[in-house]
Amino acid sequence: MSADYADLCSALLEQCFGKVVQAVADCLFSANTRTLSQIVSSTKLSRKEVTLALAVLIKFRLVNFEPSMINAYLPEYSLKREDIICLLRYSRYIHLVQSKYGSIGASIAEELLNSGSDTATSILVKCLTNGENKSETAENYRDIFHKMITDHYIIKTPELITNEDQDELIPKFLTTECDFFVPPIIDLQLLTKIQSGEASVENAQDSAMVWNLNYDRFHQEFRDDVMKLAVERKLGENAAECFRFILKIMYNTTDPWQRVSFLTYIFVHKRLMIVALQRASNQVTFGEIKQAIEKKSKNLDLMKHLDQYIALITDDSLGFLRKVGDMGGGQYVVDMERAFESLAFACVESVITERFGSKAARIFRVIRFKKFIEQEDLQKEAMIPAKEAKSLAYNLFQEQFIHVRVIKKAGGGGSGPAKAFYLFQIKTKDTVRMLLDVCYKALYNIIRRSNYEKSEHKGLIEKSQRLDSIVETMKERGESEDYIAEIVETFTPPECEILNKVKHRIKTLSKAELTLDDTIFLLQMYQHHCTMLPTGIQKFK
Amino acid sequence: MAGRGRGGKTGTLTAEQMQALGCVGKDMPQVQSAPPPTFPPVLSKPITLETTTAQSYQLLWKEDFLNRMRDSPYYIISASQEKKKTDVKDWREKAVDRLKYRAQAEFNYKAMPKELNATSRKRTAAELRPKQVEKKNKNIEDRLKQLEQKELKSGGGGDNDNDEAKQDSDSEREDEQEDPDAALDDEMDEENDYANDYFDNGEAYNEEDDNMDDGPVY
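Quick note, the sequences are listed as chains F and G, same order.
Just add 11 to wherever you are in the first sequence, counting from 1, and you've got this note's numbering.
Just add 296 to wherever you are in the second sequence, counting from 1, and you've got this note's numbering.
One chain only, chain G, in its complex shape (with noise of 0.2 angstroms):
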């Protein structure tokens, strides 16, 4: 009883709904056993479309339309695309990059999520490091001082060199106590490090060379 009973409609009838409806014979329309052609012929000639002002108005503002946003910065070209691309630019290619990059996306990040706003992220990272900088500069005049003073206190001798590197460890020290933000970027390295993940037990050692040491194999 297969076909029959409470199954989905089919888009077709039946043999025998056919006949009821007066397909007898020549008149049955022929089986469907492949999918219908890709390009079928045309019975009839579609009728040619008349192009009004506003038509035209329309199609010309369109394509402006299209080329300025292909323009934007809001076309966004994945990584590999643009990869491919930069190894085949011509000039004019490379003038509408250069204009890409001068109209920079304008986004309000406060009427969307925290987490699209890509840039925030960076901006502490690029806030910290500044302060890291400046600190190290004021360190090293500091410091330049006080190594001026000290020569002026000793005038010199061999010693000295010692003290120096034991005041510039202990420097050192303070700069960490003083900078956490500094020592909290060192331990984030720590962890963004692959080699921290990477443990050899040592057992493969000398597996490789074993191989290499038979000769190649013909």
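In isolation and in its complexed conformation, chain F is listed as follows (with noise of 0.2 angstroms):
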């Protein structure tokens, strides 16, 4: 976890939470756990506050605890740094269920997000008292849960394990897989009952199941739409359909999060050498494919012409799917570690073309073809003049996008300079964590930026709001338009058009909030399927 990181978790706490909560999550950032205590002492603020702001950041699920391993009766706190991101990607999540499950589904989701966790029944009841579509049924409301909770959109958080005989001061949970997407018994009665003040929500049958979203699963979404896209983008909408079957084919005999992280140790030639066994998914029959695509799909020319499609997928440079047999018409595993290195170096040349421009990036498309070069043979593999290729070289080194190794070599020694080859190289892993805390760095950048402009405007934001629902109210109660327009007219030309600036840069701002997101997603992604390096990511979180 860089420096970046650490502020852009801090001003994303800030503006959810607060600053006490900010001031709480930063103390736990710098350690791995701290008790109640020493976070009250660090941050100095009081015992009372800092006991809200981690049962908030509790109930939001983004702390843990434990009992300490010295007093068992002693209770740690840790932050979940790798979930504070998510707070950035809830409008996401939102997009995602609204065209998936409609408007139902988004307000249920809306309401997760905005309690972090609750009971079925609690979120039913908040849907059809709060929710903008109040002509729906209970029943309805129910039915989406329920589909929600069986795609694994919802998941139940570890249920309570409650002792009759002694008050735990640290509570324990029971984590059952099987239980995760067990949909609950929702009372319909109940609810109506609840809505008209006739019962409460802690009558209901469901009220020590809590439930909340289930981040990675709209993750995995995320990733299969990265994936998709670039297949269109390359081989068009029916190779990006077949792919679509082939990844849904794929989920049924492979964990969506696997690693590569199935290492054995072997010898070979007397050397100890340590081997990834599984790189890739678990083997996808043309028959199968060809089966799913027949049942579901309407796409004629995709059915006709499916073998070619395949094989069209399997030769192109991106490496997303690979054939590994011919058995059953011929065998296919996906790659994500290949597919995720190569969308991501896309991703690091765009960035280097706009930064420094094409020549530079071909420069670097050279270094990572070639994997080690030369400064001389550099210029000459790029056909680039040589005083142009070193000062690009230098600035790409300068930024860290490319590195040097230093060869020495044998026997050098006594007077004059040591012989050695300086070879240019790619650290993919550095490059990606570099890029990736650049955009951390800019994220934070950003929101520090659009909350200055805010500030510096309050006064001129709050009097139009001010205005606006004045002018509503005014409008209800039927007064003339004349005086409506006069009422308006208070507000100035020269107001109007500051306005209007601050309005358009902070929309600019939240955009590219937006697509840094996209970008930090992806070279994410490339380090989780590409490399050892925590990520977070799990099947069920």
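Hints in this document: simulated from the structure, not taken from any laboratory.
For each residue, glycine too, the CB sits at the ideal point set by N, CA and C.
So the derived list for chain F, only partly shown, Cβ under 10 angstroms to chain G, looks like this: (1) 101; (2) 102; (3) 128; (4) 173.
Put the two chains together into one complex, using the hints given.
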């Protein structure tokens, strides 16, 4: 975790939960675990404020607690650092749910995000009372809630182990994976009673079951979209649809977040070698793909030329699909590692093109293709004049996109300069990590700038909001248009111009936030699939 | 030999290394002696961002969500900030505050460590108080009855006042014996009293006064 990421997390938490939570989270970010008294002493906040902040962070699943190693009755708190960036993606989650389940699904997801985690009955009551679509029945809400659970978009939190005999200082939870996606029994009659105030939420049968959004199911969908879009852009819509079916079949037998983690040690020529056994998904046969497409697709063109589309995806330089055998019309595996390596480097190349120009991108590509290359060879291979090639290579080196490897010649020694070869190379993991840090920093700067713009023009923004609300109420009252226009004119033209400029600036910054998050997501996927770095991504979260 | 050997890798190359890489004379980049500018000039204009319908939906929702969070009880403002705010509050902020007060934070304290549940302590204290009040109320009623009976029995007299005083003190003692919680509370109060820790040995007595007597020093 870099300092840039720490700053970003701090800014995100301040945006959503205020300064107290930010201070507590900052304190937790700098350590693995901390006790309540340690947090109180280091933040210099009151104990009451710290406990409230911790309760909020636990409710929103951003803090974990465990009994201390020294004292089993003393809880220690730790921050889920990887999950804080999810706060930035809430709008994407809602948009996905909206497109899949309509406005009912969106309001369920919205209530879940607003409250962090809650029981099914409580969420549905809130949706029915606060939701925009009040005309919808409770039954519809319940059905969509169940559907979202079976599709794994909503997950049950581990159940609390209750001991009647003793009042425990640190609660314990029972984690059973089979229970995560079992829909709860929701009493519709009770829902109407709660709405009318005849009963309370605590009377519900499911009061012990707490639900929340399964972030990584959303991330899985985003990842698939990234891959499908890449195939669509390069090979067309039919190929993208074919790839969508392949992914769907793959998930039947493969863990969606499988990493290159199945390591084994073998001896080759008396040397201990570490070999990653499972680098790709389980196999998918041509027959399976054909069956699935015939059943669920109406695309006749795809059905007719399915073998050619599969061959197209397999032969493509992106390397998403790999043929591993001929059984059953052909066996294929989805290679996530290769896929995200090519996607991440396409992203890095585009960044270089935008910052240093296309010639620098060519130099970067040449180094990547050759793996190790000397300066003189580089200018020849890239077909760029020597002086320009040198300056571009140095710029890339200075910004840490490329690296230099020194290979010393044996037996140099004595007088004169040591003889050595200086080779350019790309340390892929380092380059991606550097770019990720740049993205975090940029995102932090965007948030700061946006906050600055808002605070600088606070008076003007509030004035316009107040004016809008007054005009609205006047319209409701049925006041004359001339009178309304007179009120609107209190907002002078220069004020109006400044406000429009500020609004445009804030909107551009918000758009940049979303675009940057796309890049961050892609690079994080690279880290998950191509490195062993901890990413916090798992099947059930 | 400083700067050589097994030291950590530096971000830049040495002059020797630069020469080996082909940078000679004018090609050599200038040595950086100051941090880069905070706002360096942008060499090429960045691409303008396109707004899709999905993005505009997300932007609107996000703005709405952040506003909602700011008005929610989960947005915690420290006591010092709140003090500052109350001094300069307009009608809108006050209305928001009222809304916040109405929408209380819902925490499942059962699923959290017990030390986070600050309200549980308060409840115990609050539970104690009504008991005391009830007891005192009962005592007053009993006492009035007792007094009435006495008045009826004795028909009034000067010595009765002393008797009553005695009975008063007796009944108070009984109360204390009956109500151990209250006694505990009293003890706690004494413990919390900062005056308990204060001890004056009398050495500093009159020290300040002496100075004051001399009058102001110019």
